[in-house]
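With these hints in hand, go ahead and build the complete structure from the sequences.
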Amino acid sequence: MAEPPAKPATTAAAGETDAIAALRNQLADRDRRLAELTEHSLRILDELARERAEAGDRQVLRAQNARLQELLADTRSRVRQSANVVVAAPLPAAPFEVVSWGVDDLDDKRLQRQVEACGGVSITVLAGDEAPGLALALPPRSGLAVLQQPGPTPAVAFNTGMAATQAAVVVFLWGGTRLPEEALARLAGAAAAEGVAMAVPLVQIGKQRWSGQSIDEHLRGARLPAQKAKAPIGEVPFALPEAFAIARSAFAATGAFDQDLRTDVALIEWLLRAKAAAMRVVVVRDAVAEAVGLLADRLAAADADGLLAAGDRLIALARHRPAQVTAALLASPAYWTLPPDELAERFAAVLRRLPTADGNAIAIDLLVQQARSLVQQAVPAPVLRQHLEQLERILDVTLDLGASHYPAALRRVVDQVHVSVRGAGDQLQATLERLQREVEAEREAKGHLQQLLGERQAAIAELQGAVDELRGEVSRCQGAIREQKDEIIRRDGALLAAKDALAATERRTADVARELAGKAAEITAVVRAHDELLRDRDDLRQHARNLEESLRHARAHAAELEPAAARVAAERDALAGRLTTAELGLADARRRGEDAERRVAELEQALAAESSRLETMIGDLGRYRSDLEDTRTDRERLAAKQHDLGEQCRQLDARVRDALKVLADREQWIVTLLQEVGKRRWRPRALADYEQQFLAAHRRQP
Amino acid sequence: MRILFVVHQYLPRHVTGTEQYVRSLALTLRGGGHDVHIIAWEPFTELEVPDAFWFARDESVEGVPVHRLSVHARFAANRELAEYENPLAAEMFAGWLRSRQFDVVHVFHARHLGTAALTVPLDLGLPLVVHLMDFWFLCPNFLLLRRDGALCDGPPDGGFGCLPCIDPALADEVERLHLRPHVAALTAVPPPPGGQTPTPARRAHALVARRERLFSVLARAHAVLSPSRFLRERFEAQGFPRGIIGLLPYGLAADRFGDARCEPRGEARPLRIGYVGSLTRHKGVHVVIAAVRSLPPDAVQLQVWGSLESVPAYASELQQLAGEAPNIAFRGRFRPDELGRVLAGFDVQVVPSLWYENTPFAALEALQFGLPVVASALGGIAEVVRHEQNGLTFPPGDVLALAAILRRLAGADELRLRLGSRGGVPAIADNVAALLELYGRLAAEAR
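So the sequences go chain by chain: A and B. Position 662 of the first sequence, counted from 1, bears residue number 662 in our numbering, the numbering being contiguous throughout. Position 221 of the second sequence, counted from 1, bears residue number 221 in our numbering, the numbering being contiguous throughout.
Since the hints were made in silico from the structure, they are not lab data. Since the structure is predicted, the reported quantities are computational estimates derived from the model, not experimental observations. Treat the hints with care, as some may be off.
What the hints assert, rightly or not - Where chain B lies over chain A, by a calculated footprint (3+ residues, C-beta under 8 angstroms): (1) 31–39; (2) 579–593.
As the list claims (entries may be wrong) - Using C-beta positions, here's what the derived DEER-type ranges look like: (3) A:A525 <-> B:G33: 56 to 64 angstroms; (4) A:H643 <-> B:S294: 37 to 45 angstroms; (5) A:T616 <-> B:G161: 37 to 45 angstroms; (6) A:R590 <-> B:L436: 54 to 62 angstroms; (7) B:G95 <-> A:R591: 52 to 60 angstroms; (8) B:F55 <-> A:A19: 41 to 49 angstroms; (9) B:P336 <-> A:M617: 32 to 40 angstroms; (10) B:D398 <-> A:T633: 31 to 39 angstroms; (11) B:W96 <-> A:G577: 52 to 60 angstroms; (12) A:A19 <-> B:T187: 27 to 35 angstroms; (13) B:G323 <-> A:A640: 48 to 56 angstroms; (14) A:A525 <-> B:P336: 51 to 59 angstroms; (15) B:M1 <-> A:G577: 36 to 44 angstroms; (16) B:L436 <-> A:M617: 55 to 63 angstroms.
Ideal placement from N, C-alpha and C gives every residue a C-beta, glycine not left out.
Structural data, given as structure tokens:
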């Protein structure tokens, strides 16, 4: 073992002194208290971590709650706006837009004029299957969109128009109706006013102008001629569907148009809802829309017997004026001129579209059966018509009688017959008598009819009772709706309470956070106490070790002293001498150690200086190396240049040698020529001075 | 003397250098007439002891009485704490130790039994010797090697640096809950042993306060032994009091190689390189495989000895790295008595560790067998393998440097023979003699 481990055992032998035992007990007690305090601190930390983790969870829950509330608001909005119509948020940059609908039967030029009339206003055209072609036919411009919406009913067109646009106000123009841009702006401005459900312009066809329409007790509309007035904006009962403006806020408040209604009754029904909310319809008199035709005429052409409009009105009445349903049903001649089975079928179809139809199927079946039996017992109008046609043939006259007014007309016919036959021949007398008999028979039939009418009125009374029952059912349903509304309000209240609870939880969280801060301070205090305890413990342990060590040494010393006190006394002097020697040696060693430390310090300083010098030298060496590298590079470059120059010199030498050789040859040739000049026999001449000089100069050269 | 050895695991299921060293000491001491017992922790498996929460049983391994104990994981829910403070295990150990008489207790590894391995004998007044077999008292993963493979000097950042190394999720949790300043305030306080609830605060505190607690307990031991100067310096650099840790280099039994001898290498034969040890990443086996693959296959051969099942993912990675190379063979485990036969198949042994090896037994065994060792110049290895004296060293993880050394050895057999003849490993008998002297002195002082 290179360095044998040697550490004195600290185990105390039996029979420790009371002081050591007390110290040990004290130490153990302090250790226990320290462990308890640590456990307490860790518990606080665990609680702190748990609270912080839960606080994180609460934030997640809060975010989730916010998302759910957004979803709830969105769902409410969607429910309010039925038929999948989504009300987009209005864009501040587009105060109003135009929706053109009902353009299927319109020629392209008329539509182009409508688009041009709108100027720069954004316009959305709802077209049918021909939408792609229409989009190509229209001149391209910004803000023009063509949507494909095959055969929309008015309600579908209105809802689609609201969904396809984003402006705060939307102007609906039917069938190519034109409205100039400035009039559009005035109309939109009026529609955007507080409490306005719709703003309408004056609708003009030819020289006729209407400002709106009114409705009777059965929701049948009647156009109102425009009246002269000073005020540019007035109020009308109901709007015409050909042109109107609707604010998105009013649409959102009132809800979507009812797409179950397939005629323009949907507009009236929507306005009834708006009026129930104390909103009004205003007419902008200085805005005139030029219409090509009327929607009512188009719908009437498609609904020849009027059954579609009658059915829609019955449904709207059932919602808004339930007391008028029966009267409206009886006042609809279209129903009562049908064959019994068809009437029953259509009657049932209308009744089943009523809002409370699902819960009153039995009552509706009863009503339908009663209606069928009532029509079967009455003399059908076709039969009466046959009788009149027979009378026309007999009298040889044309009787233009409305089917619904035959009793009064019949009387007039009889009177005319009496007048016309007064101057007739005898041969007509029999005919007259026969006619009189027939008239008598008709009168009997009339009496019978009146009797049947009484019976029918009784049946109607029964129907009234059933309708009253339906009305009661409607009231119950309305009560249920109110209860549901109350439930929604209650849930809203619960939501608010939950919010309050959340706020309270947040307050509690804040309280807990404050409490935790207090606990953190407590932890800090505990830690300080720990530190003190640790120091105390270490001191105590050291104290105990010292005591144990002292005790052990003292015991050993005492054991040695007791049996050989004299020897120890003798040895004490020796030991003292040795101690002195050792102390001297120790002092010497300390001095040597101090000297060594000083030397080490000096050496370290020298080393630091050497290091610094070395760093400087290394830096210089780096620079020298860099310079040397540069010099080496220059030398290599120069050597390359020298090589190139040497090569060039060698080439030049060769060229010079060649040139000198050529020159020498030429000179020799000139010398020969000059010599021949003097020697030739023909045309000899004397050499010129320069030639002689040249000859003399080069003759001397080898 | 009646001597108790305490170790964290023991043969035959667990075979690492620590177990081998304990075995050598125990057998040698028993051969000298001393009564040696071993108490070892055993990982708890419910399959082995169904419906039980703890077990304690006595066995005999090669004639040495071995007492094994273990407790169910439910009593060690706070893993970071239970690894060094487990009250139930402490109680079991104390109960067992009170019923027996020992002259001295020698702790080789305290993992799982924890501080009780030291405090129980001390409280009973028994002399206590602690052997530092690795960096366990200093580092929770006992390797001083971080999760990313970087070497570590000891618990960094006041101990908080151990959190992401041991459990990154715990480190994130502590930061998220802002627990750090509160836990830091408790660093100097030992965790309550019963705090086994695995809350973030308690787990973090167990790691942060670990070094302080273990050092304070270790300082109470009557003798602390280190097999290398490097390990001692690590401990002292981390604040352990100087002058306490003594040095006792590992010794090896002389007869453990049987009849096997180091064979001379034929000139025409390729250099046979051997690796013996765990196939784990920090042992750097991939470094030697990469180096061998960079050399001509007919120049060198590599034999890798070690269990492929311990860390299957790394073993698979090694096999992929070796590919179809005909000169690399994975030989698996071998029995302790086959060590001589295995080493006789080598011309040189590599120890390419990437962590601060304390004193690798593989290197000691090779040196004792007469093989030169090529090893990473790192930690305690450099004390055993001296460059150009009994082996060659290279920078840890440097594949090219290792390949250059192997190429050099393949072409110069006289160098191999020269290095291999200078082993210089102490004998286990020397260790036993030193320990008996120590035991005797401590026992006498205790009396």
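To see whether the hints hold, each was checked on the structure:
Three residues within the 8 angstroms Cβ limit are the bar, and the segment 31–39 of chain A against chain B gives 5, so the coverage statement holds. Under a criterion of three residues with beta carbons nearer than 8 angstroms to beta carbons of chain B, the stated coverage of the segment 579–593 of chain A fails, only 0 such residues being counted. Distance hint check: the CB atoms of A525 of chain A and G33 of chain B are about 59 angstroms apart, consistent with the given range 56 to 64 angstroms. Distance hint check for H643 of chain A and S294 of chain B: the Cβ-Cβ separation is about 43 angstroms, which falls inside the suggested range of 37 to 45 angstroms.
Hint check: T616 of chain A to G161 of chain B, Cβ distance near 38 angstroms, so the stated range 37 to 45 angstroms holds. Judged by the Cβ atoms, the range 54 to 62 angstroms given for R590 of chain A and L436 of chain B is violated: they are separated by roughly 37 angstroms. Between G95 of chain B and R591 of chain A the Cβ separation comes to about 57 angstroms, which falls inside the hinted range of 52 to 60 angstroms. As the Cβ distance of F55 of chain B to A19 of chain A is approximately 44 angstroms, the hint placing it in 41 to 49 angstroms holds.
For the pair P336 of chain B and M617 of chain A, the supplied restraint of 32 to 40 angstroms is violated, since their beta-carbon distance comes to about 57 angstroms. Separation of D398 of chain B from T633 of chain A is about 34 angstroms and conforms to the stated range, judged on CB atoms against 31 to 39 angstroms. Here the CB-CB span from W96 of chain B to G577 of chain A is close to 54 angstroms, well matched to the stated 52 to 60 angstroms. For A19 of chain A and T187 of chain B, the hinted distance range of 27 to 35 angstroms is satisfied, since their beta carbons lie about 33 angstroms from each other.
Checking the proposed 48 to 56 angstroms range against G323 of chain B and A640 of chain A shows it holds: the Cβ atoms sit about 50 angstroms from each other. A hinted range of 51 to 59 angstroms holds for the C-beta pair A525 of chain A and P336 of chain B, which are about 58 angstroms apart. At about 40 angstroms, the CB distance of M1 of chain B to G577 of chain A agrees with the hint of 36 to 44 angstroms. Checked against the hint of 55 to 63 angstroms, the C-beta distance between L436 of chain B and M617 of chain A comes to roughly 57 angstroms, which is consistent with it.
The structure fails to meet hints 2, 6, 9 from the earlier list, while all remaining hints are met.
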